[in-house]
Structures are given as C-alpha cells and as structure tokens.
Amino acid sequence: MTDANQYLRLQMGGASFLLPSGTGYTIEQRENLTTNKSPEGNVAAWQSLRSTRLPAYCLDAMLRVTRHHNWHRVVFLDALPHAVGLAVDEVQLLPRADTIVTPFTPLGHPPTRLGHLFAGAWVTGNRLMLVFDPKAIVAYLQGLGEA
Amino acid sequence: MKKPRTGPRLHSLEVPLDGSTLLVPSAAVAEVINPQKFVPVPFSQPWLNGAIGWRTLAVPVISFETLLGAPAHTHPEAGKIVIFYPLSGRKDWEFFAMFAMAEPRPQLLDGSQPVADASELPASPHVAAGLKVEGRLMLIPDFEAMKKVFYPG
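Residue numbers (our numbering), protein chains in the order written: chain A, 1 to 147; chain B, 148 to 300.
One chain only, chain B, in its complex shape (with noise of 0.2 Å):
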C-alpha cells in the first residue's frame, strides 16, 4: 500500500452500497433524497434499476454493484437515493441517481488516506482507484467510464 503526501482537502460523500463503499466529490452530488418507487425503463440493461421522479425531471436510477458485476437485487425501504449531477460534456438536464443502503457520511480527504492496491479493486472498468478511509476500503468511481456505458456512440 502507498502513502501519499498530504495535499489539498477534498470533500467527499461515502456511499454505501451492498457489498462495497463508493468515495464520490461531494460536488458530484446534487441531493439525497428518501427512497421511492422506481418506474421500470422497458428494455434498459440489468444495471438500469428505473427511473424516479425528482423536481421536474425523470432521473434514472444506476445500480454500481451490477456494473461491477454483481446480480440484480431488490432494494431496502432504509435506503437512500443518491442524486449525481451530469457528468461532463452531458446535457444540464441528464442527471443520474445510485441507490445507497444507508444515508452517504461525508468524509474530508487530505490525500494522507493511503491507497489501496490494484489486487483489493474489483475488476472492473467503472472503478478508478480505492482508498483506504478510517481502515476501510473505499471505491473511487470512474465517471469517464461510465459514461461510456451510460451514453455509448
């Protein structure tokens, strides 16, 4: 595991999901919302939970643990939904949502958190890196890649 210098202070949201822990910048996120029903989006791939209705707009609702492989699951009524704002170059309205098991913790990262080790990161392309938070190990999300997969061609 490396230790990196202390640098900048960066605000993050832990967001726990089934099985792993998401680290996301706090200023990807718009909201977080009590959970309601998903509306079913017909033909959407197994990583697509639905859609729910937030402020004006429909805003699809992404399960990270089937992009990373795992099955699809039912959700807990406990849960949270995590509002993300557009990724980069998306249109203003094109926000997307993650369901959290429990309400995301906010975590002030100094760049002291070590860093995980490729052989404890799931194989996957929508993962970027982990950190070791508070011992734990957290999943940092490659946006880039999953746009790519949310908006191919």
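Isolated chain A, as found in the complex (with noise of 0.2 Å):
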C-alpha cells in the first residue's frame, strides 16, 4: 500500500529522480512489453491494451530521449488519453519516515506548457535528488510523440 507522501526512485541513465507515489501508475517488466525493434523513433517499447497500444521512453539523466537497452520496468503514469511509460533502470518504493522533500523552483522558462519539471528536492546531506511535478512529466512525455 502506498500514500501521497511516499515517493518512486526512478533511475534513469545513472540519474535518480522521485515521483510522488500519489501519482497514479502501474509499473511493468520489460517482457510484458513490445520493444522497438527499430533504432528510429523516440518510442523504446508499447504495451498493448486492447484497441491500444501505450508508448513507454527511455531517457537518459538529462531526459533526452535515448534508445540504449539496458533498462528493465516501465512505469506507466496515468495520463489522458491513455497512460504514458517510462523506462527506469531501477524502481524502488521509498520508505515515508526517510523521505523529506522540500518544493523547489527551477529558474528559468519552464520546458512544458504546463510548467517545470520539478517541484521539489529531497536533499540529505550534499546529495539531492529532483522530485518530477506529475503533470509536467507526463506533458512532456506525451510531447516527445512516436517520432
């Protein structure tokens, strides 16, 4: 069971980022998904529901699209119209009591139209760690297309 104040570590091309787990998502393993065989376009693999197939993407720590094929789940964030992937290396739930985030205010133009991607930090002595804002990175992920 999880609440709105535990957060996901995602890592991603050796970078850790947290996602508030009140984000509604479903994390799924690698060979449940269909990867692209391609080396062209930005998506890394879909998972097929139905009528519809969601894209998933692989970035790197800079969150630039990369097609490397080193990562093993995928957490699907819920999104409309439909849930939208990212490729992790490592997921791990971590626990309420260790997590302190702080909000945090990048500078700057923000790269989504609904704002910046992050809203918070958790920071434990020199190491710090960006928490995503839910509906920037599922903006900008449903941005990057299948192109």
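Beta-carbon label-pair distances, calculated as ranges:
1. Gly14(A) with Glu291(B): 36 to 42 Å
2. Leu157(B) with Ile27(A): 54 to 60 Å
3. Met62(A) with Pro218(B): 14 to 20 Å
4. Gly154(B) with Gly22(A): 50 to 56 Å
5. Gln192(B) with Gly14(A): 18 to 24 Å
6. Arg127(A) with Ala174(B): 28 to 34 Å
7. Arg113(A) with His220(B): 28 to 34 Å
8. Leu114(A) with Asp257(B): 48 to 54 Å
9. Glu291(B) with Leu114(A): 23 to 29 Å
Derived list of chain B stretches under chain A, where covered just means 3 residues or more per stretch with a C-beta under 8 Å from a C-beta of chain A:
10. 179 to 193
11. 205 to 217
12. 240 to 253
13. 289 to 298
The set of hints was computed from the structure by calculation and includes no laboratory data.
Here a beta-carbon is modelled for each residue, glycine too, at the ideal position from N, C-alpha and C.
Join the two chains, each given in its own frame, into one complex according to the hints.
Okay, here's the thing in structure tokens:
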C-alpha cells in the first residue's frame, strides 16, 4: 500500500529522480512489453491494451530520449487519453519517514506547457534528488510522440 | 566619472567572478559555503549551472558570467558558493546561489566611491551600475532584472 507522501525513486541513465506515489502509476516488467526493434523513433516499447498501445520512453540523465536497452521496467503514469511510460533502470518505493521533500523552483522558462518538470527536491547531506511534477513530466512524455 | 558625496555606510560583499567582480549588499547574502557538486537540472538555461543541497533545500546555482553573455565554463575547486536570500516578492525558500572564484571580501561603502561610466559597464540588463572601489570596477547586479529572467511570467 502506498500513500501520497511516499515517493518512487526512478533511476535513468545513472541519475535518480523521485515521483510522488500519489501519482497514478503501474509498473510493468520489460518482458510484458513489445520493444521497438527499429532504431528509429522515440518510443522504446509499447504495452498493448485491447485496441490501443501505450508508448514508453527511455530517457537519459538529462531526460533526453535515448535508445539503450539496459532498462528493466517501465513505470506507466496515468494520463489522458492514455497512460504514458518511462523506462527505468531501477525503481524503488522509498520509506515515507526517510524522505523529506522540500519545494524547489527551477529557474528560467519551463520546458513544458504545464510548467517546470520539477516541483521539489529531497536533500540529505550533499545528496540531492529532484522530484518530478507529475503533470509536467506526463506533458513532456506526451510531447515526445512516436517520431 | 562622477564622484558622489559621502553618505550612509553600506556593508557590501565583493564577489570575485571569472573576469569581473560583483558588489552586493551583505544583507542579500545568506551564507558563503565551500563548493560542492552541482546536480544538473534537465532542460535548464545555459546560465543555470545546476542545483546544490543546502540545509534541507535545493538551491539553484547560476553563472552571472553566462547571464552577461560569456560562454559557460567549469569551476575550479578553490572557489566558493555564495547563497543569496530569495529575491523580493519570491517565496521564502527560493534562495539562489552563485559561484565565486574566491572567498568574497567585505567592503564598506560610504558613497565616496566613484560611479563608473556606462561605457565601462557590460551592455547587459542584469547590471544596474558600477562603482570604482580602490580603483577597481565592481558591478552591481540588477536583482529586479534577474528576477524577470529567473521567474518569467
């Protein structure tokens, strides 16, 4: 059971980001997905659901699309018209008591129409992990399309 | 160069940057700390070096040099990070920081320091004015202009 104050740690390309677990999501194993065999295009894999297929994207530490094959799972974020996935090297549900998130405003123009990709941060000593704004990361992933 | 009359004294900090020196009110500075690794912030502007953890907060670290138009560069380990209080009207956790090439030095201004000619200043909206302190040009940042770039819209 998760609650809104828990966070998922998503590791991508050597960097870790946090996702509030209040965000609707499901985690799928790679073997349950259809990987994109073509080296072209942004999509790393799809999950087939009846008449639709949900795209999943593989991102590097700077959140740019990459097409490596080292990922093991996809975290599908609930969205309309359909969920959108983020391929991760590692995913971990962090214990609530251990994760103290404070607000963070990135500077400059936001990269999505829904604002900045990050809304908080978890600082422990000199270690810092940025926390996704769920709506913005979904908007970013949706904007990647299939091309 | 105009020479203003002496007036109230203002405690300031001289912040050595790469190729220029800033002069900021001491009251604007929350702390000066040793350098630490910047965590990159994806899709940030070239003038944002990244973020650092300070107390419990993530603090964005900017490059004033890049704001002035200089190319982005790496930082030596010998410098310092100057943490500024949030700009006026911003939330009380919105600190920001700047990398300094060396430990900032206190400067006590009394209004007798000559004001630099506009021709001596970089053509940038982020510089409000310049002062000649001990014969050296020091740039006074325009925090309002910086706020517009930091928090557009």
